[in-house]
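Student: Take the given structure of chain Y and dock chain F to it, following the hints.
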Amino acid sequence: MTRHVLLLVGLIASFAFSVVVGLAVGAVDIPIGEVFDALLGSGDSRIRTIVVGLRLPRVLLAAEVGAGLAVSGAVFQALLRNPLAEPYVLGVSSGAAVGAVIAIVFGMTATSMFALPIAAFVGAVVAITLVLAMAAAAGRGLDTHVLLLAGVVIGAFFNAIILLLVNFADLETFRAAMLWIMGSFSGATSESVTTVAVWVLPALLALTLLARPLNLMSVGEQSAFHLGVDVRKLKLMLYVGTSLVVGVCVAGSGAIGFVGLVVPHALRLVGGSDHRWLLPACALTGGAFLVFADTIARTVVAPAELPVGVVTALAGVPVFLWLLIRYQEGT
Amino acid sequence: MLLSFGRENQMKARTRESLAPVPLRLRRPGVVHTVPVVCLLLVTSMAACGNSSDALPGSDAAPMQPMDDVARIVSLVPSLAELVIAIGAEERLVARTDYDTHPAVADLPSIGGGLDPSLEALVGLDIDVVLMPEGENMPALAARLGELGISAVGFRTETVDDLYDSIERLGVLVDRTVPATTLSDDIAQRLRYISEVIGARPLVSVMYVIWSDPPMTTAAGSYIDEVISIAGGYNVFSDAPMRWPTVGFESMVRRNPSVIIWPRGADSELTLDAVRDMPGWRDLEAVQNGRIVFVDSDRFNRPGPGLADAAMDLARALHPSAFGGSTP
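Chains as they are written, first to last, in the working numbering: chain Y, 33 to 363; chain F, 16 to 343.
Bound-form chain Y, shown alone:
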C-alpha cells in the first residue's frame, strides 16, 4: 500500500512536470520567467496570448484526453479480460470518425465551429448503441465475447463508410478529414477544455469509485456474481461510462491511439492490477504522457506539427518494451 502511495506521489510530480514543460516550450521561444508572468496575468500581451490562450488549453485538453483514454483502456481490459482491449475496440472511435468525416465532407464545418465535435460525439453514441443492441439481442447478459465481436464488426463497417466518403471528397476535404482522424490538439480552446472536462471528469470519478467491483469482475464474472456484484448492471454502467469518455475525447481531439493500450499495461507491470490504485495512476500517467507527446508533436518540426498519434506510438513502444523486459524478468 505504501508503495502505491509513493508511486502515486511520483506520478503526480511527473504530471506537474509535464504541464510545466508543455507551457514552457512551443514554436515561439519564451523564457520560463515570462511564462510564469503570463500565467499570473502580467507581462507582454502577445506572450499572454500564446501562453494562456494557446498553450494552456492545449496542455489541459491533452491532459484530460490522456487521462480519459488511459482509464477507459484499463477498464476495458479488466471488463473484457483481454489484454489487447483498448478504448476503441467497441467501435467508438470509428463511429466518432464517421460523424466527423460526414461533418467535414458535407461542409457542415463551414456553418459552425461546433459542428465537428457534435457530429463526432453523435457518431460515437450511435456506434455504442448499435454494439450494445447487438450484444443485448444475442442474450446472455451482455456476453463479453459478443460485445468484442460486435465492436470489431461495427468498427469495420464504419471504417468502410469513412473510406467511401473520403473517396468522393476533394483534396482539401480529404486532408482535413485525415488531419482529424490522425488526432491533434491544435484546435484546443478554453471552450473545448471546459466541454471535455464537464463530461470526462465526473465520468472518471465515477469509474474510479467502481474500482472495487471492477477488481472482482477482472477475476471472473461468475465469482463477482457470487460475491454479490450485480454483474449486468455494473457492465452496462462501465461500458456506457467509458464509451462516453472515449466519445468525448475523440470528439475533442480526433482518434489518438496507443495511450489506452500501453499506459494501463505499463502501470500494471510496475504496480500491479488493483484498480483502486491503477485507475488514478492511469489518469495521471495518461495525462502526462499525452501532454509530453503533444509538446513533442508541436516542437520538433516547429512551426509545422506532427500528428500526435505518431508521437504516442513512436515514443510509447520503446518505453513499453523496456518495462516489459525489466519487470517480466523478475517474475
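Derived from the structure by calculation, the hints contain no laboratory data.
Errors might be hidden in some of the hints.
[Claimed, not checked] A few chain Y residues that face chain F, going by a derived Cβ cut-off under 8 Å, partial list only: (1) V60; (2) G85; (3) L86; (4) F200; (5) E337.
[Claimed, not checked] Computed beta-carbon distance windows for the label pairs: (6) T196/F <-> V230/Y: 52 to 62 Å; (7) I44/Y <-> M293/F: 50 to 60 Å; (8) F49/Y <-> G161/F: 29 to 39 Å.
Quantities reported herein were computed from a predicted structural model and do not represent experimental measurements.
Each residue gets a CB set at the ideal place from its N, CA and C atoms; glycine is no exception.
Tutor: Relative to the frame of chain Y, chain F by itself:
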C-alpha cells in the same frame, strides 16, 4: 529551406521595428520535412478546390477595405503570396508557409503548413492579416484567428475569373489598385493573344496529371481545365463529376488522350522513359508515342501570377506550328 531562417533573417525582421513590434523569436526546427511532395501537391491544389458559398470576412458580402499601412500579412497559400508580390506589395508579407518557393519570401520565417498553420507562430510574429483560400474548413480557422485578434481575408481560387477577382481585391487591400489592374489586364491580354494565335486549329485531347498513383486528374470547373481550353486543348476528363477526380487506367485508355500534361517540380528527375516503365501509364498510346508534355508544377498548380505563362507553355507544346515552332 526549412532550416534557412537563422540569425541573419531575424536581423532582417528586426529592421521592421519602425513599422511594428519586434516579432518573438521562432524556434528553429530540429527535423526537416520528409514528405514535402505529397503535402505540396495537396496544399497547392487545395487552393483550387474551395467551396464558393462560404462568406469569410472580406468576401463579396462585404466590400474590401484597404487595411492599415503597418498591417503585417501572411498568406496561407503560395498563389496568394505570389499575387501580393506581383502587385509590388511584398514588403507587407512578414512570413511564409513551408510550401512557399518564391525567392522574395524564402528568407521569411515560416508559420508551418497552409491548412494547419501554427497559431503560436502567427501570434509570435504579430501577424495582423491572414490571406486564405475560401474553403470548407476555413471558417473554423478564421473564427479561431478572430479570437486571437487576427483578421482572416478569404479569396476564391478556383477559376480564372476568381483569379482576376482576387487580384482586384488584393489590390484594394494592400493599396496597390493600379498595379493590380495592370496585372489583371496583362494576364487577360496574354490569354486573349494565345486564343487568337491558336484560332480555329483543331483541339488536342489531353489529360492533366495531378497524381500518378492512383491517377488523379482535373475536370471542368477548375482553372487548369480553363487553361487547357485556352491553350487549344480538350480535357478528356472534363465531364468527371468531381473537380479533382481519381480515375482508372481503363477509362484513361478508353478516352485515349493524345497528349499527357505532366507537371514536374524543378528538382524532379522524372523522364519519359520512367513513365514508359510505369504500370498502367505505359499502356496509354500517348505514352507509347512519347507525347508527354512536362510542365513547371509551381506554375501550373498555383492559380497565381504565372497563369498566363502556364497557358503559354501549354499552347506552345500543343500547337508548336502556331507559334512558329516545328511539330515535335
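Student: For every hint, state whether the structure bears it out.
Tutor: Right, here's what the structure says about each hint:
Annotation: interface hint on V60/Y holds; nearest CB of chain F at approximately 4 Å, less than 8 Å. A least Cβ separation of about 7 Å between G85/Y and chain F falls short of the 8 Å threshold, and the interface hint therefore holds. Given hint, L86/Y at the interface with chain F, holds; its Cβ is 5 Å from that chain's nearest Cβ, closer than 8 Å. A distance limit of 8 Å between C-beta atoms decides the matter here; for F200/Y the minimum to chain F is near 7 Å, and the interface restraint holds.
For E337/Y, the suggested interface contact is upheld, since its CB lies about 7 Å from the closest CB of chain F, less than 8 Å. Between T196/F and V230/Y the beta carbon distance is about 54 Å. The supplied range of 52 to 62 Å therefore holds. The supplied range of 50 to 60 Å is met by I44/Y and M293/F, whose beta-carbon atoms lie about 58 Å from each other. In this structure the hint that F49/Y and G161/F lie 29 to 39 Å apart at CB holds, the actual value being about 34 Å.
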